[in-house]
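So the sequences go chain by chain: C and Z. Per the working numbering, the very first residue in the first sequence carries number 49; after that it's consecutive. Per the working numbering, the very first residue in the second sequence carries number 31; after that it's consecutive.
Everything hinted at is true.
Residues from chain Z that face chain C, not an exhaustive set, calculated with beta carbons under 7 Å: (1) 206; (2) 279; (3) 381.
Below 25 Å or equal to it, Euclidean Cα-Cα: the simulated DMTMM-like pairs (lysine to aspartate or glutamate) are: (4) Z:122 <-> C:550; (5) Z:377 <-> C:284; (6) Z:164 <-> C:290; (7) Z:130 <-> C:550; (8) Z:122 <-> C:468.
DEER-style ranges, computed between Cβ atoms: (9) C:522 <-> Z:209: 28 to 34 Å; (10) Z:209 <-> C:477: 37 to 43 Å; (11) C:477 <-> Z:207: 38 to 44 Å; (12) C:469 <-> Z:129: 22 to 28 Å; (13) Z:133 <-> C:171: 41 to 47 Å; (14) C:522 <-> Z:324: 54 to 60 Å; (15) C:256 <-> Z:143: 23 to 29 Å; (16) Z:112 <-> C:256: 29 to 35 Å; (17) Z:143 <-> C:278: 51 to 57 Å; (18) C:237 <-> Z:100: 50 to 56 Å; (19) Z:112 <-> C:522: 28 to 34 Å; (20) C:98 <-> Z:170: 51 to 57 Å; (21) Z:119 <-> C:535: 34 to 40 Å; (22) Z:112 <-> C:237: 36 to 42 Å.
Simulated from the structure, these hints should not be mistaken for laboratory data. Glycine residues also receive a C-beta, built at the ideal position from the N, C-alpha and C atoms.
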Amino acid sequence: MYTATATDTHGHDHEHAPTGIMRWIASTNHKDIGTLYLWFSLFMFFFAGTLAMMIRAELFQPGLQLFQPGFFNQLTTMHGLIMIFGAIMPALVGFANWQIPLMIGASDMAFPRMNNWSFWLLPAAGLLLISTFFVPGGSIGGGWTMYPPLFIQGGIGYDMAILSVHLMGISSIMGAINIITTVLNMRAPGMTLMKMPLFVWTWFITAFLLIAVMPVLACAITMLLTDRNFGTHFFDAAGGGDAVMYQHLFWFFGHPEVYIMILPAFGIISTIIPTFSRKPLFGYVSMVYAVASIAFLSFIVWAHHMFTTGMPVAGQLFFMYTTMLIAVPTGVKVFNWISTLWRGAITFETPMLFALAFVILFAIGGFSGLVLALVPVDIQLQDTYYVVAHFHYVLFSGSAMAIMGGVYYWLPKWTGHMYDERLGKIHFWLTAIAFNITFFPMHFLGLAGMPRRIPDYALQFADFNMIASIGGFLLGASQLLFLYTVVKCVRGGAPAPARPWDGADTLEWTLPSPAPYHSFVTPPLVK
Amino acid sequence: MAQNLRSNRQVSVCLPCRAVGSRPASAPALLFLSLLTSALPARADYAVNLQTPATGLANQVYDLHTLIVWICFVIFIIVLVPMGVALVRHRKSAGHEPAKFHHNTLVEWIWTIIPVLILVSMAWPATQLVVQMKDTSKEDLTIKITGRQWKWEYEYLGDGIRFISNSATSNEQIAGKQQKNEHYLLEVDKPLVVPTGRKVRIVLTAADVIHTWWVPALGVKQDAIPGFIRDAWFKVEQPGTYRGQCAELCGVGHAYMPVVVEAVPPQQFATWMQDQKTQLAAAEEASGKTYSLDELKARGEKVYAANCAACHQPTGMGISGAFPALSGSKIATGDKAGHMDIVLHGKPGTAMAAFGPQLSNLDLAAVITYERNSWNNKVGDAVQPSEIAARKK
Ligand SMILES: [Cu+2]
Numbered sequence: 049m050y051t052a053t054a055t056d057t058h059g060h061d062h063e064h065a066p067t068g069i070m071r072w073i074a075s076t077n078h079k080d081i082g083t084l085y086l087w088f089s090l091f092m093f094f095f096a097g098t099l100a101m102m103i104r105a106e107l108f109q110p111g112l113q114l115f116q117p118g119f120f121n122q123l124t125t126m127h128g129l130i131m132i133f134g135a136i137m138p139a140l141v142g143f144a145n146w147q148i149p150l151m152i153g154a155s156d157m158a159f160p161r162m163n164n165w166s167f168w169l170l171p172a173a174g175l176l177l178i179s180t181f182f183v184p185g186g187s188i189g190g191g192w193t194m195y196p197p198l199f200i201q202g203g204i205g206y207d208m209a210i211l212s213v214h215l216m217g218i219s220s221i222m223g224a225i226n227i228i229t230t231v232l233n234m235r236a237p238g239m240t241l242m243k244m245p246l247f248v249w250t251w252f253i254t255a256f257l258l259i260a261v262m263p264v265l266a267c268a269i270t271m272l273l274t275d276r277n278f279g280t281h282f283f284d285a286a287g288g289g290d291a292v293m294y295q296h297l298f299w300f301f302g303h304p305e306v307y308i309m310i311l312p313a314f315g316i317i318s319t320i321i322p323t324f325s326r327k328p329l330f331g332y333v334s335m336v337y338a339v340a341s342i343a344f345l346s347f348i349v350w351a352h353h354m355f356t357t358g359m360p361v362a363g364q365l366f367f368m369y370t371t372m373l374i375a376v377p378t379g380v381k382v383f384n385w386i387s388t389l390w391r392g393a394i395t396f397e398t399p400m401l402f403a404l405a406f407v408i409l410f411a412i413g414g415f416s417g418l419v420l421a422l423v424p425v426d427i428q429l430q431d432t433y434y435v436v437a438h439f440h441y442v443l444f445s446g447s448a449m450a451i452m453g454g455v456y457y458w459l460p461k462w463t464g465h466m467y468d469e470r471l472g473k474i475h476f477w478l479t480a481i482a483f484n485i486t487f488f489p490m491h492f493l494g495l496a497g498m499p500r501r502i503p504d505y506a507l508q509f510a511d512f513n514m515i516a517s518i519g520g521f522l523l524g525a526s527q528l529l530f531l532y533t534v535v536k537c538v539r540g541g542a543p544a545p546a547r548p549w550d551g552a553d554t555l556e557w558t559l560p561s562p563a564p565y566h567s568f569v570t571p572p573l574v575k
Numbered sequence: 031m032a033q034n035l036r037s038n039r040q041v042s043v044c045l046p047c048r049a050v051g052s053r054p055a056s057a058p059a060l061l062f063l064s065l066l067t068s069a070l071p072a073r074a075d076y077a078v079n080l081q082t083p084a085t086g087l088a089n090q091v092y093d094l095h096t097l098i099v100w101i102c103f104v105i106f107i108i109v110l111v112p113m114g115v116a117l118v119r120h121r122k123s124a125g126h127e128p129a130k131f132h133h134n135t136l137v138e139w140i141w142t143i144i145p146v147l148i149l150v151s152m153a154w155p156a157t158q159l160v161v162q163m164k165d166t167s168k169e170d171l172t173i174k175i176t177g178r179q180w181k182w183e184y185e186y187l188g189d190g191i192r193f194i195s196n197s198a199t200s201n202e203q204i205a206g207k208q209q210k211n212e213h214y215l216l217e218v219d220k221p222l223v224v225p226t227g228r229k230v231r232i233v234l235t236a237a238d239v240i241h242t243w244w245v246p247a248l249g250v251k252q253d254a255i256p257g258f259i260r261d262a263w264f265k266v267e268q269p270g271t272y273r274g275q276c277a278e279l280c281g282v283g284h285a286y287m288p289v290v291v292e293a294v295p296p297q298q299f300a301t302w303m304q305d306q307k308t309q310l311a312a313a314e315e316a317s318g319k320t321y322s323l324d325e326l327k328a329r330g331e332k333v334y335a336a337n338c339a340a341c342h343q344p345t346g347m348g349i350s351g352a353f354p355a356l357s358g359s360k361i362a363t364g365d366k367a368g369h370m371d372i373v374l375h376g377k378p379g380t381a382m383a384a385f386g387p388q389l390s391n392l393d394l395a396a397v398i399t400y401e402r403n404s405w406n407n408k409v410g411d412a413v414q415p416s417e418i419a420a421r422k423k
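Bound conformation, chain Z alone:
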């Protein structure tokens, strides 16, 4: 596999995401050239084929697929030709008299054995590739990925860095009130950053329902399943931004759960790590302070938009039958303790997740304060980060 990576001829010439935004100009024509075009060895610009691979594994998958499509295409022609001949020459209207034969043991054996041989020739390269894909040993770096309705959480194991990656596409764009930008639905607020040329092992799980972490150009698609830890690996060769999304139906936000991976050279990656650690320390410090109600509300509005609005809606009215309204809610206007508890610990068996482990104490305090003082709620009190810290214990 290593040699293959180095001889990977396309990665260096193709922008990783060239498929994104490219438009198949002559789509109808392509439609009819279908099988042929999807088998063309050139990595086509119009998106009729797998995305341009960015890892050795994805590249091998690409080649395997091309090989199989060609084999199928040839068999298809071999099957169609006699059928076509029969349909043209052995028509009743052409005066053809029906023959009487109805079996031929030799021929039947031949067309049972030959397909078996062809299948073996397909299975051989596929088997080797499966073994490689499954080999997650000798990794340089391990990242834990947790799927949540509807965002990804990334944790760099051993480095204490942990953050949540949310979709960055605005509701206005989705509703068609704003021009959709180039990476519509495939953009996040904080991408996963990885070093190039290093074997990255990912371990995946989920907090609520099954999600699937998928980046086509990396050749990685792996279910994230509650109660299980699964792993996979990739080694990106060229710096770039690689986009994908959740592939397993996970509820109403399934289409809005993008994955963005930013591959940077190792030195740049080290700097990024350092930055993250500094920010983390700053956040820790910020959680120690006391804030005014307005400060908390302003911050809370952003936290709410990123983490809660998908279900409870920007209006706080929820979706009847699925997600309760927070505007006028007994809990959101009741005592602080009850409000903090549901946000910190969630409600098992429902879509309401435990946000305690996901958000910083400051963000938790802010979003709760925001909920208590927005829409029809006018409780008038503020929840401080220190109260959250106390409640967590």
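The following block holds chain C by itself, in its conformation from the complex:
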């Protein structure tokens, strides 16, 4: 569908980029910054993953063995915060940086200096967040949702965490502005909006979500900060405040946030499946509309996280109906992916394996989401392990596995080397199997009545917890293989041709591998 007529990428030897460490610190190049984002997110993925291993170790058996409850709460809170803000979001922004200019035939992002800033805020934020473990009172243990009044009770670590989330929010907003401007202004001639690859579309829409909701989060946590330090009472009932209002503000951000983490993943999957089916994406137009309607709906479902706060019947019904509606565009996407597979010429390279697992496992997460949408059932399951199972099916086997698939898919373009296909496949199977051993039993635990965020549990939950822990350790260990495979590919391997996937037809594959430092200096013409 996308063929470039002018691939004028050589003959521009004016690489005035600094070298050495300054190349990275002062970089304004979308590829370098994309790479920085991806390495940062990989580091954070392992850090937060280590916290998860500690959680599963404590939950291996009932009773307290390794950690005291206070520290356990810090583990779950930081695992959530870091995975969301430190691992998944930066990884997706890394993809955006690398791929959007390449896929729309632009020479770079629209605001390269701002791009540098939006990345370099992140290590600062990450450092601030992680250093909370070393301050008096320890890290934050109030849950990643930071609900007051509990959040008001903590020590200095809580203020540091608020500041850190502020920094990450600013970074996200700048990244989003950059993406929107790039997409609107820098497309190659002939690349109309409705010809853009779906990955670009998903990020374009996601960027609007980011701009809409990050400021709301910033407000809510600023109010927390002033409640904690400057004697305001926004959320303190004793001073006339309202703790439930915080939840409304938080989830007005929080629900779109989960789509921020899944829409670009949809984009990656919609790129991989057609490639390895050797057939165009089925229903491109309806895919774009589906993404847009999911984004719109994400603004009017937030209170489904709050069904047990006791809202009026009308409120519960409204949020139940809107939440259920999301199943429709999501279903459309799944049906379209399957129709893309239908009568293709399918092969099973590692990216495709991840994409196929995504379709199946994300569907399970979607179904459990539908179960949770029903108010009476949600009231039984809210704040239980069922919810933990649900959001790991959409966030791990959803976002994270799409990211891994995307990494394998584009590594040849990024590094100029083919990754080790055998290791990639082993990594896939280990991940997919261990993931299910870890998280499937959590549905049962939640149904049977195990609350989430507890360091210790009643005896009838012992067996499934042990299974989940064993699966968890395997899942954690498997990711070391991912690291090894990626590093191996970066350092060498069979040279990658310009277009290693015969079914791929987006613009980046018209460039040599690795993609040159400056690409599309003369825009390609898209027919």
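Once you have looked at the hints, place chain Z with the ligand on chain C.
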């Protein structure tokens, strides 16, 4: 709903808490039968499904969940089959040539409309149930529930009965120094007692942070939020003991905040009420007396273990950075008035709650005396209940 209660077929055959202590013997096998098993209509013994319902509402929730899981399961299969066929038959290695089609407006409309219809069929029963759950009118009895870090306070409105329900699991069991018993973490010193066959309305609030009162078998889960009063209701059909716990993260004691509801026949409930009133009168009388330091200390030790040790620790050493040590504390070894004030009124904005409204004057006097004369503290004076009463004014 009333008819449904009477036709509730399971409650009479199943012990309310059969899930407790039952062990899924063939867990790994179950794992793979997952969706199927959790949809089985039989209320399974191995805990892969919602707990056995004990109220009409919980029973309807159970059935709604079963219905939805089945619908999802069928859709899932319908989606997987063509996917499987494509993956097997349309492989490149099987020599399949790719087709060229990339959209079909009719098909796309069909798979947009049909899900909408399915959703409507799910929303209909759910809506009716929501309306029922929210109808707290025509109650026979109202109980006020207050969540505190980390215990529940129950007050029978209009009857003057009020007590605190603490976890009864010992620290030794938690630390693994003692065998854990059957109801580990799901047992309390004083359960909430309710009559069977009566509509009990609960009104909830919290004193410090948000807690959630949850008993799965009753189908009730409701946040208790400082500054708000929320309500919910249940009507237990069969006598029995129903267990649950706090569901909203509420600090370090979140896992140790169980809820136990004892449902008894109405006559037995009336007797229990009478007993409580007698005990209350006795406590009132006891608060009028004067006690020796040793008597107070002995009683105070128990009060301390139940109410204070979670934060200040049995050793009196607290947890550094979070809860101050009482051993050697300036307040606990200073003048009586200051010590009484912090215990009676707490310290707003910190985890230290006001215990004045929670404990009897005798218990307050006892625990303060205990703190002044334990660990490294050797003040040597006793605080009498009458001093507490005077300080409260
Ligand atoms: Cu609680």
